[in-house]
Amino acid sequence: MADGRMKALAQDLEDEEDMEVEEEEAESDEPDLSLWVGECRRELPERLHVPVICVRDWDETEEPAETSRESQHKRARVFDSGESSQYAGIPSGNFQFSSDTEMDYLISFCDDIVERQDEAGEGGIDMNSQDLAGEKVAQAENPNVGNDEQPLPELRMDLTDDLLYLIFSFLGQKDLCRAGAACKQWHVASSHEDFWRSLKFDNIPISLENFVSLCNRYQNVKELNLSGVPRADVLFMEAARYLSRLETLTLGKGHLSDAFFQDLSELPALMNLSICDSALGGGINEATIQHDRLRNLHIVKCRSHRIAVRCPQLLKLSMKRSSMTHVTLHSPQLRELDLSSCHKLSDAAIRAAAVACSKLLSLDTSFCSCVTDETLREISQNCTSLSSLDASNCPNISFESVKLSMLVDLKLHSCEGITSASMAAIAQSRLLEALQLDNCSLLTSVSLDLPHLRKISLVHLRRFVELNLRSPVLQYIKVSRCSALQRINIISNSLQKLVLQKQESLVNLSLQCYSLVDVDLSDCESLTNSICDVFSEGGGCPMLRSLVLDNCESLSMVEIRSCSLVNLSLAGCRTMTSLKLSCPSLKKVNLDGCDHLEVANFSPVGLESLNLGICPKLSIVHIEAPIMTSLELKGCGVLSKALIKCPCLVSLDASFCRQFVDESLSGTVVLCPLIEQLTLSSCLAIGDDGLYSLSCLGRLTLLDLSYTFLINLQPVFDSCSQLKVLKLSACKYLTDSSLDALYKLGALPSLLELDLSYSSIGQSAITELLASCTNLVNVNLNGCTNLHELVCFLPDATSLDDICPSDSAIVDADMVRWKSERLLEVLNCTGCPNIRKVVIPSGANCLHLSKINLNLSTNLKEVSLTCSNLSILNLSNCTSLEFLKLDCPRLTNLQLPACTMLAEDELEGAILHCSMLESLNIHSCNKVGLLRIHMNSEDFERLRAACPSLKRIQSGSLGGI
1 MADGRMKALA QDLEDEEDME VEEEEAESDE PDLSLWVGEC RRELPERLHV
51 PVICVRDWDE TEEPAETSRE SQHKRARVFD SGESSQYAGI PSGNFQFSSD
101 TEMDYLISFC DDIVERQDEA GEGGIDMNSQ DLAGEKVAQA ENPNVGNDEQ
151 PLPELRMDLT DDLLYLIFSF LGQKDLCRAG AACKQWHVAS SHEDFWRSLK
201 FDNIPISLEN FVSLCNRYQN VKELNLSGVP RADVLFMEAA RYLSRLETLT
251 LGKGHLSDAF FQDLSELPAL MNLSICDSAL GGGINEATIQ HDRLRNLHIV
301 KCRSHRIAVR CPQLLKLSMK RSSMTHVTLH SPQLRELDLS SCHKLSDAAI
351 RAAAVACSKL LSLDTSFCSC VTDETLREIS QNCTSLSSLD ASNCPNISFE
401 SVKLSMLVDL KLHSCEGITS ASMAAIAQSR LLEALQLDNC SLLTSVSLDL
451 PHLRKISLVH LRRFVELNLR SPVLQYIKVS RCSALQRINI ISNSLQKLVL
501 QKQESLVNLS LQCYSLVDVD LSDCESLTNS ICDVFSEGGG CPMLRSLVLD
551 NCESLSMVEI RSCSLVNLSL AGCRTMTSLK LSCPSLKKVN LDGCDHLEVA
601 NFSPVGLESL NLGICPKLSI VHIEAPIMTS LELKGCGVLS KALIKCPCLV
651 SLDASFCRQF VDESLSGTVV LCPLIEQLTL SSCLAIGDDG LYSLSCLGRL
701 TLLDLSYTFL INLQPVFDSC SQLKVLKLSA CKYLTDSSLD ALYKLGALPS
751 LLELDLSYSS IGQSAITELL ASCTNLVNVN LNGCTNLHEL VCFLPDATSL
801 DDICPSDSAI VDADMVRWKS ERLLEVLNCT GCPNIRKVVI PSGANCLHLS
851 KINLNLSTNL KEVSLTCSNL SILNLSNCTS LEFLKLDCPR LTNLQLPACT
901 MLAEDELEGA ILHCSMLESL NIHSCNKVGL LRIHMNSEDF ERLRAACPSL
951 KRIQSGSLGG I
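Going by my numbering, the letters in the sequence shown line up with residues 1 to 961, in that order.
Keep in mind that the hints were calculated from the coordinates and are not lab data.
Worth double-checking, as some hints may not be accurate.
Claimed, not checked - For each label pair, taking beta carbons as the anchor points, the in silico distance ranges come out as:
no.	residue 1	residue 2	range
1	Thr892	Pro604	51 to 59 Å
2	Leu847	Pro673	19 to 27 Å
3	Thr575	Ser737	46 to 54 Å
4	Gln659	Glu821	44 to 52 Å
5	Leu847	Leu684	25 to 33 Å
Said to hold, decoys possible - Result set (DSS-like, lysine-lysine): computed pairs, CA atoms no more than 27 Å apart in a straight line:
no.	residue 1	residue 2
6	Lys344	Lys320
7	Lys174	Lys222
8	Lys222	Lys200
9	Lys645	Lys744
10	Lys502	Lys411
11	Lys174	Lys253
12	Lys200	Lys253
13	Lys316	Lys497
14	Lys861	Lys837
15	Lys344	Lys359
16	Lys617	Lys641
17	Lys724	Lys851
18	Lys645	Lys588
19	Lys837	Lys732
20	Lys253	Lys359
21	Lys497	Lys580
22	Lys359	Lys455
23	Lys724	Lys617
24	Lys634	Lys645
25	Lys617	Lys634
26	Lys580	Lys645
27	Lys455	Lys478
28	Lys301	Lys411
29	Lys885	Lys861
If you're wondering where the values come from, they're calculated on a predicted model, not measured in any experiment.
Glycine residues also receive a C-beta, built at the ideal position from the N, C-alpha and C atoms.
Can you build the whole structure from these sequences, using the hints too?
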């Protein structure tokens with residue numbers, strides 16, 4: 001055990017000694033960062049005022065090092081320069097050099113830092129006083145002014161070499177130069193070889209001396225970018241002997257001489273060469289590119305008379321958009337060749353170049369207008385492994401008699417010579433996976449049986465009439481802007497989505513696509529009713545989930561039977577008169593714009609809700625939906641027969657179904673026993689038989705019989721004892737006796753809301769109703785012409801004796817009835833033209849009343865309210881109102897616009913007992929002092945004195961204050 005520990009300790013000591021030796025060698029061979037930038041050394045621009053952090057090593061006198069190894073990992077001292085720092089000369093953050101002057105200044109500063117470090121020795125540089133950075137910045141800004149600023153406060157932080165390496169790994173080379181100017185430790189860290197394996201001088205001028213020195217310093221560079229650098233070929237040739245490990249070279253925007261291409265052979269590791277927008281060679285001489293190990297060569301937008309490529313290991317060559325008349329290729333291993341947009345190359349030159357590469361896999365001759373079928377045939381004979389061909393925009397090819405048995409990807413975009421006869425040659429490429437035939441104007445039909453075809457594109461084919469595709473692996477098909485297309489037949493086991501929008505002439509569609517999920521046939525105006533068979537059971541699309549047939553105006557009878565269909569859209573099918581769906585999984589259907597639909601059959605469907613109110617001509621409907629909860633038939637004015645079997649239905653709206661008869665209603669409520677909300681507004685054909693059938697609805701809580709001709713409400717009282725909301729708005733034939741059961745016999749004990757708006761109910765019935773039905777929470781009496789006054793008070797004992805002097809028990813019952821607490825919260829009496837007086841005293845026990853609406857009651861003269869919980873009172877446009885008395889301590893909003901007869905003193909007295917009033921609207925109240933022509937702030941102060949809680953007063957002249 002002891003021997004093992006000793007061996008481990010000895011090994012640790014040896015490792016430490018090796019590390020110390022390596023670190024000493026690194027210090028003795030520090031890189032010179034001044035080689036990175038700068039050609040012209042001019043004065044420092046005045047705008048370099050960027051705050052930085054200056055770092056120096058700990059002084060050994062402050063913290064002595066315990067070992068020589070620890071002394072090389074001393075903590076750093078950081079100076080927070082602030083806005084007015086004298087060290088603002090060093091750019092920081094993401095600052096970008098805007099000129100060579102700034103770069104030269106930084107290099108000069110770095111050089112002086114290194115010299116100062118050498119003088120300071122191991123202790124580092126003391127930058128607490130007027131040091132080098134401050135002097136340089138101050139001299140650059142004002143050489144006649146000294147720097148007498150006080151030293152900056154010090155902030156300490158630990159920056160080990162590993163941490164610096166991690167941080168600097170995120171910096172670009174310019175930022176590394178800036179960081180290297182901070183201190184010796186950062187200078188060493190920023191010069192790490194890993195950060196300088198890629199040198200990028202895009203559009204940055206650099207001198208020959210600096211470039212050569214930099215390449216000499218970092219001989220492990222693997223990537224070099226000299227694009228846009230002046231005289232890049234000269235720089236490269238001078239430094240080529242130091243770039244033995246270079247793998248990628250990029251040049252552009254200049255001239256490359258013959259000598260440059262000769263020196264390429266001095267780079268044994270070069271594998272990628274990219275030249276863009278440059279002139280090659282000298283005049284009419286041939287530019288020769290020769291290298292034994294080059295793999296990828298890109299010559300884009302280059303100019304030369306002749307180009308020869310002699311690279312035996314070359315795999316990929318691109319000469320896109322280059323201008324040359326002849327190309328000679330000696331690259332037997334070439335796999336990819338791109339000659340697109342080489343307009344000066346002749347057909348023979350392209351043929352010779354391609355034929356010379358027998359192992360070619362990919363060829364791009366797009367936009368080479370001179371290419372002919374003869375060239376393609378010869379290429380097919382010599383390049384037997386060719387798998388990708390792009391001959392787009394080649395008008396002279398027809399592809400006839402061209403046999404490319406190994407072809408996988410074929411692009412023939414905008415080839416005017418491609419016709420239906422070309423399909424025979426394409427069909428022989430049995431391995432073809434992708435085919436593009438866009439803008440082939442003479443193509444009339446496509447018939448292909450390709451076992452490996454996955455993608456096909458057919459766009460803007462003006463004469464295209466018929467498409468027949470058979471491919472078990474077809475996954476994508478694009479057919480667009482083919483206005484003459486009439487017939488489509490597709491067989492595929494992999495196609496999942498098919499979009500054929502705006503194919504106006506499409507008549508016949510045959511699909512055998514067992515994985516098809518989504519189909520969009522919008523605006524296919526010529527599709528007939530037979531299209532429904534394609535998407536029904538046995539039609540070839542058993543997995544279909546979404547079908548869009550919007551604006552298919554030739555459809556008249558739609559019948560679909562599908563167990564998989566989930567979404568169906570028939571919006572805009574205006575000629576459709578009959579719809580029959582048997583889709584148990586159907587969750588959503590869109591019938592917007594189906595104005596002529598007369599018969600609808602949904603049996604069965606999986607819909608949860610359905611709106612047929614947008615079909616005004618619907619007369620017969622049959623719905624069988626096991627999970628449907630909401631059905632809207634609102635507006636189906638001619639609906640006469642309805643069979644609705646929805647056991648989970650909760651809400652049914654049959655408003656304005658004027659021919660909806662008792663038979664249909666009775667059958668519906670029997671099959672839908674869970675209905676809670678039933679709207680029969682304007683259902684004029686509903687009678688007593690239909691209302692008695694509502695006894696089947698044990699959960700019915702809302703019944704709307706507005707705008708009907710009902711006289712007798714006894715069927716409702718007998719059948720719907722659990723009702724909470726009853727709406728009888730605009731029932732003109734109701735009499736006072738129609739509601740006797742409510743306030744005399746206690747019918748509908750659970751009733752909370754009653755709407756009698758615009759009905760013919762008289763004054764006495766309303767008074768009795770409000771007095772007896774203490775459980776009502778919301779009462780609407782809008783537009784009741786027979787309502788003359790609304791007075792709630794405790795009856796006088798004498799009057800009760802006069803009414804029934806011999807029966808004291810009745811008197812006691814009446815007293816209890818009047819004194820019981822009322823649950824009324826909202827009372828609406830909008831537009832009651834004959835009401836003149838509203839009085840609610842404290843004895844009325846309206847403890848929950850919070851909102852009263854009396855607006856547009858033009859004959860109302862007197863309002864007296866004592867309501868402890870009232871918060872909103874609306875008396876807008878009560879033009880006859882003269883007397884207003886309020887004792888409402890919680891009233892917050894009082895609306896009195898256009899109360900032209902209300903006097904100012906009456907208003908002040910009314911709000912005197914409204915201690916919480918916040919908003920008051922007296923717009924157009926002509927008798928109120930606030931609206932006189934001569935007004936002052938005293939008028940407002942008077943109202944606020946009467947009601948200190950007022951926050952907003954709205955008047956006609958001054959608006960809201």
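query: Which of the numbered hints above does this structure break?
result: 2, 5, 9, 13, 20 and 23
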